[in-house]
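Participant: If you want the building blocks of each chain, they are given just below.
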Amino acid sequence: MASYVDLGTPGPNTAGLDQTGRNRGNLTNSLTSSFINIFIAVFECYHMEVHNVPVGAAAVILRNSRNYSYTQPFSGSEWDPSQPMGLFAGDEIDFLWNVVSTTTPLPIVTAFFRYDADLPQNKTG
Amino acid sequence: MAGSAWTNQLLNLIVLSAAQKGFSGFFVYSPAPGPGNLIGSWAAAAGTDPYGNAYPAGLSVDVGSFTGVSLFLYSGPPAAGNLLVSVTAAAGADSFGNNYVAGIATYGAGFAASLNAGFVAFYTGSLAGGWTQGATIETDSGGDLILFAPGTVDLTGSDVTINGTDQTSTATGAPVTSGPNGGVFAGHTHDFAGHTHTL
Numbered sequence: 002m003a004s005y006v007d008l009g010t011p012g013p014n015t016a017g018l019d020q021t022g023r024n025r026g027n028l029t030n031s032l033t034s035s036f037i038n039i040f041i042a043v044f045e046c047y048h049m050e051v052h053n054v055p056v057g058a059a060a061v062i063l064r065n066s067r068n069y070s071y072t073q074p075f076s077g078s079e080w081d082p083s084q085p086m087g088l089f090a091g092d093e094i095d096f097l098w099n100v101v102s103t104t105t106p107l108p109i110v111t112a113f114f115r116y117d118a119d120l121p122q123n124k125t126g
Numbered sequence: 032m033a034g035s036a037w038t039n040q041l042l043n044l045i046v047l048s049a050a051q052k053g054f055s056g057f058f059v060y061s062p063a064p065g066p067g068n069l070i071g072s073w074a075a076a077a078g079t080d081p082y083g084n085a086y087p088a089g090l091s092v093d094v095g096s097f098t099g100v101s102l103f104l105y106s107g108p109p110a111a112g113n114l115l116v117s118v119t120a121a122a123g124a125d126s127f128g129n130n131y132v133a134g135i136a137t138y139g140a141g142f143a144a145s146l147n148a149g150f151v152a153f154y155t156g157s158l159a160g161g162w163t164q165g166a167t168i169e170t171d172s173g174g175d176l177i178l179f180a181p182g183t184v185d186l187t188g189s190d191v192t193i194n195g196t197d198q199t200s201t202a203t204g205a206p207v208t209s210g211p212n213g214g215v216f217a218g219h220t221h222d223f224a225g226h227t228h229t230l
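These protein sequences, in sequence, are chains A and B. Taken in order, the first sequence gives residues 2 to 126; the numbers are from this note's numbering. Taken in order, the second sequence gives residues 32 to 230; the numbers are from this note's numbering.
The following block holds chain A by itself, in its conformation from the complex (with noise of 0.2 Å):
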């Protein structure tokens, strides 16, 4: 029975000229490490919110530089996923828009995480 201590989120990111080399040119909320700002061994997001998002435009979900969900919403959307992104310290979530970084609305997601307080690698430390 996982014991769930809710971390809230680091706040609104919004879009700007792709920074991590895989999209050049166009819009990326790059969720870096230091921007989630969580240090605990295991964690998870378990929700997402996309808005602001320019028409037609979809983006590519990328967990450590790897495929791992795609969205084109209408306007705006959320995530809300049965089964959650597990992420460890350090871990990154970019969203890869297919819309030149000129593109206005700049699109805004807002991620949500917790841990497990009853995992092991999260008891140390």
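Hints in this document: simulated from the structure, not taken from any laboratory. Treat the hints with care, as some may be off.
Claimed, not checked - Each pair of labels, with its calculated beta carbon distance range:
#1 A:S102 with B:I70: 37 to 45 Å
#2 A:M2 with B:Q51: 38 to 46 Å
#3 B:L44 with A:S66: 22 to 30 Å
#4 B:V100 with A:D81: 35 to 43 Å
#5 A:Y69 with B:A159: 35 to 43 Å
For glycine and all other residues, C-beta sits at the position ideal for the given N, C-alpha and C.
Starting from the known structure of chain A, arrange chain B on it as the hints suggest.
Facilitator: Just chain B, lined up with the frame of chain A:
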């Protein structure tokens, strides 16, 4: 969106596998699923939804109207030679090479007919080869009924009666044939048989 944790999605492809029985298909409710709230459905078989709303087999629009630019109905699967009805603003050809005419039109072997604003048009031809307009029945701003045919106008019946207060004829060439052999004119009866008569 079914199959994804993301909601409010734009979709490039929807493949709906509708069962032949049971509550299966595409159903639209407003403002929410419930009794009396089914506003449209698309099902493989008729049935009743879990809220007691009956729905038919096929596509059903229960609230509002069905709106589109063009409409094509086929006899059997959409294919060459199967076009049965078309509703279009202009003539053209569908993606199967069936030629269609403007208006609300129906098609049969060798003939087509269309209902347009103010006139009915008849065509000869084929779905594959195209259509040539022939006779029309139309009206004008005076409410007149105008019959036009590039060929013969054939009125056939056991008793053909034409009533009017005035008559105008601009016919040239051969006289009207196969008319009555007699009639009542200003109080006397005249037999046309075998000769012509100048009125």
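Participant: If a hint holds in the structure, say so; if it does not, say that too.
Facilitator: Each hint tested on the structure:
1. A:S102 with B:I70: 37 to 45 Å: 42 Å, holds
2. A:M2 with B:Q51: 38 to 46 Å: Check passed, 44 Å falls within 38 to 46 Å.
3. B:L44 with A:S66: 22 to 30 Å: 27 Å, holds
4. B:V100 with A:D81: 35 to 43 Å: 38 Å, holds
5. A:Y69 with B:A159: 35 to 43 Å: For Y69 (chain A) and A159 (chain B) the Cβ distance comes to about 52 Å; the hint is violated.
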